[in-house]
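> Quick mapping for you: the protein sequence lines, in order, are chains A, B and C.
When you read off a place in the first sequence, starting at 1, and then add 486, the result is the number in the numbering used here.
When you read off a place in the second sequence, starting at 1, and then add 486, the result is the number in the numbering used here.
When you read off a place in the third sequence, starting at 1, and then add 486, the result is the number in the numbering used here.
Keep in mind the hints are simulated off the structure, nothing from the lab.
Some clues are possibly wrong.
Just so you know, same-sequence chains aren't split out, so a pair can sit in one copy or run between any two.
Straight-line Cα separation of at most 30 Å, DSSO-like style, residue types lysine-lysine; simulated pairs [unchecked claim]: (1) K617 / K595; (2) K515 / K595; (3) K595 / K492; (4) K492 / K617.
From a predicted model like this one, the values you see are computed outputs, not experimental measurements.
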Amino acid sequence: MQQAQKEIIVTTDGQGLYEISEEVRRFAKDAGIRTGQLTAYCRHTSASLVIQENADPDVRRDLIAFFQRLVPDGDPLFVHTLEGDDDMPAHVKSALTQTSITIPIMEEKLALGTWQGLYLFEHRNQPHARKIVLHVIGA
Amino acid sequence: MQQAQKEIIVTTDGQGLYEISEEVRRFAKDAGIRTGQLTAYCRHTSASLVIQENADPDVRRDLIAFFQRLVPDGDPLFVHTLEGDDDMPAHVKSALTQTSITIPIMEEKLALGTWQGLYLFEHRNQPHARKIVLHVIGA
Amino acid sequence: MQQAQKEIIVTTDGQGLYEISEEVRRFAKDAGIRTGQLTAYCRHTSASLVIQENADPDVRRDLIAFFQRLVPDGDPLFVHTLEGDDDMPAHVKSALTQTSITIPIMEEKLALGTWQGLYLFEHRNQPHARKIVLHVIGA
């Protein structure tokens, strides 16, 4: 049984979905795990992780539009507004999606489905450098 | 320390919650893990996983009704509509619930609470065969 | 490779976010894991887990307010009302947040980001004793 760990940085430029599947796949492959699991963990509360379809880009556009309608920037419900109109909505969108996702590794491959991609979901408008910790364990 | 892995298929017949607790429990038991953890992973972006009450069936009915009201089929917000009125809502509902869930194994038993069941949450109307990967690690 | 497991009880007194970061950190530290991962698992369907900002308390206030507006107590949509106006909303809020969260352990420390806290999210009005199972694996 062995492990490997790595922190990756994803630079973002506004709200949106940033695919990290390839980087994560490469890390899992380099770790030489045949059977096991990989956990991706987002070290922020205004960005999160999500598994989504990686075929039609309209899916990402629609997903972002839905979350913006559900938790609008500048919503008068919010008291925590000092860091900007998009800050508290970012915290809520993070709570509604994932901070950690665990994916099995089968026969040396991540068990992502045919249409699945792993994305960093950036909820802030300004550019950020987001830290994601990857951890694999297995044999 | 040992591991086991299995892909199970859940056949669905429309939107709803399909309980997989028993199959998952059996897999964990057969793996002979006394202390460890089990991860269930859904290989789709229009179906997901959720832990819910497995006592009163009205809870499942209400949960489905809530998600249908929150993300209605045919919502004019969506551009990605070629695969049907229920396709983009299915992606959103998947993002709002879980793709992976990790449950500890204690004293040879899954740590599901008294009222907890593990469910595949199908978001599409047409029948599907959904792939769930189970992975246990422990001793 | 080694493991440790523990069930902790969080007593709650109404809807809100109850931080458990310190207790979880202490457990991970006592387990003596240098590199690995920790899973927190909530054994309930009317309380859940969430990672949120632990700096400005207004963030927690706003998060609770958002979920109460999205899934109001006494929503006439719900049929499952016997256990109180806040019961079915509690199940929905649990489905919208997390039952399990996995956090890597790096250099003997939980990989929680600078502003991240791990919280039990209580969705019921009455006092409860909530069971959270912690599991670490690593070396």
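> My question is about K617 and K595: at a cut-off of 30 Å on alpha-carbon distance, are they close within one copy, between copies, both, or neither?
both (23 Å within a copy, 16 Å between copies)
> Treating 30 Å as the Cα threshold, decide for K515 and K595: within, between, both or neither.
both (7 Å within a copy, 25 Å between copies)
> Is it within, between, both, or neither for K492 and K617, if the alpha carbons may be no more than 30 Å apart?
both (10 Å within a copy, 29 Å between copies)
> If the cut is 30 Å between Cα atoms, do K595 and K492 qualify within a copy, between copies, both or neither?
Answer is both; intra-copy 18 Å and inter-copy 14 Å each pass.
In terms of the numbered hints stated before, the structure departs from none.
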